[in-house]
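**Q** Sequence:
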Amino acid sequence: LFPNIDDLRRSNTRFHAAAHTNKSAVLHGLNDFYTLLSSEPFLRNFIRTLEMQPKFNMKDRCFVASLLMVALSPRLDYVTYIMTRLLCDCMKKPQIKTTPHLFLRRTGNHGNPEL
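Using the working numbering, the first residue of the sequence shown is number 4, and each one after it goes up by one.
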């Protein structure tokens, strides 16, 4: 689920250290962040802002997507709606209109050596 588990463990250790010293503030902050993630404009802008970062590579995208899916798993209908909107936004980009075959290209064979 998480491609770079060592980074997650380090983050988890820091979180637990902060949680022990100021548990109510940490829980309040997590609840506030969940509320923000539940706001469609915030989530779409958050994802777009991350994607615009030059050093935000595919590994980072997968990691953030995994974390978002875990955080929003109780609301899969909302996640599906957001993903549909992001896909529609992506399809409206000018480079997709001029070269649609690049939008649907394969990035790997997914374990099938015949492909």
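Honestly, the hints are just simulated from the structure, not real lab data. Every value quoted in this text rests on a predicted model; they were computed, and no experiment measured them. Do not rely on the hints blindly, as some may be mistaken.
[Said to hold, decoys possible] Taking lysine-lysine pairs in the DSS-like style, the calculated list, with each CA pair at most 27 Å apart, reads:
1) LYS95 <-> LYS58
2) LYS62 <-> LYS26
3) LYS96 <-> LYS58
4) LYS62 <-> LYS96
**Q** Evaluate each hint against the coordinates.
**A** Each hint tested on the structure:
1. Of the supplied pair hints, the one linking LYS95 and LYS58 holds, its CA atoms being roughly 24 Å apart against a limit of 27 Å.
2. Restraint check: the Cα-Cα separation between LYS62 and LYS26 comes to about 31 Å, which exceeds 27 Å; the hinted pair is violated.
3. Between LYS96 and LYS58 the alpha-carbon distance is near 21 Å, which keeps this suggested pair within the 27 Å criterion.
4. Proposed proximity of LYS62 and LYS96 is supported: the alpha carbons are some 23 Å apart, at most 27 Å.
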